[in-house]
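Peer 1: In this note's numbering, the protein residues as written are 31 to 185.
Hints in this document: simulated from the structure, not taken from any laboratory. Watch out, some of these pointers could steer you wrong.
[To be verified] For each label pair, taking beta carbons as the anchor points, the in silico distance ranges come out as:
no. : residue 1 : residue 2 : range
1   : G130      : I151      : 37 to 47 Å
2   : Q123      : R162      : 35 to 45 Å
3   : R167      : N39       : 14 to 24 Å
4   : A166      : N39       : 35 to 45 Å
5   : R119      : D170      : 22 to 32 Å
Beta carbons are placed, not taken as given, at the ideal position from N, Cα and C, and that holds for glycine.
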Amino acid sequence: MTNETQMANAIRALAMDAVQAANSGHPGAPMGLADVATVLFNRFMKIDPTADKWADRDRFVMSAGHGSMLVYAINHLLGYDDMDMNQIRNFRQMGYRTAGHPEYGHAKGIETTTGPLGQGISTAVGMALAERMQNARFGDDLVDHYTYVLAGDGC
C-alpha cells in the first residue's frame with residue numbers, strides 16, 4: 031500500500047468517525063474524494079502548514095462546504111498545528127474549529143467561508159483573477175501560485 035493510499039484511507043476513517051460521532055454531517059465528499067484530495071495536496075499544491083499566511087501559497091476552496099471534513103482531515107494529516115485530534119473528535123460542536131461548513135478565520139488552511147453549493151466557484155475565480163493581476167504587475171518571481179476549487183452539485 032502506498033503512502034498516498036494510506037493517506038486517502040486515513041482521510042476516510044477520520045471523516046466517517048467524526049461524522050458518526052457528531053451524529054451529523056456529510057460523509058460523501060470526504061469518502062469519495064479522498065484520493066483526489068490526497069493527490070492534489072501531495073503532488074500539486076504548494077503549501078506550508080507552518081506558514082499558513084505565506085503570500086505565495088496555493089489556495090484550495092472547498093465550494094461544496096458541507097464536505098468540510100475532507101479539508102479538516104487533510105489539514106490534520108498535513109500537520110496544521112490548530113487541527114489536532116481533539117478538533118476532529120469535536121466536529122460540528124460549538125467552541126471548536128471544525129464547523130459543518132469551513133469558516134475563514136476559524137482554522138488555518140481555510141481560505142474562504144463556503145456554504146451553498148457553487149458559492150466557492152465565484153470566490154475562487156476572484157482569487158485567481160487577483161493572482162493573475164498580481165503576476166502581471168510583479169512577475170513570476172513574486173507571484174507564482176494557483177487556486178484550486180472543488181465544486182459539485184450535490185457531492
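Peer 1: Against each hint, give a clear statement of whether it holds in the structure.
Peer 2: Each hint tested on the structure:
1. G130 - I151: 37 to 47 Å: With a Cβ separation near 20 Å, G130 and I151 fall outside 37 to 47 Å, so the hint is violated.
2. Q123 - R162: 35 to 45 Å: Since the Cβ atoms of Q123 and R162 sit about 39 Å apart, the hinted range of 35 to 45 Å holds.
3. R167 - N39: 14 to 24 Å: Given about 43 Å between the Cβ atoms, the range is violated.
4. A166 - N39: 35 to 45 Å: holds (42 Å)
5. R119 - D170: 22 to 32 Å: Cβ of R119 to Cβ of D170: about 42 Å, so the range 22 to 32 Å is violated.
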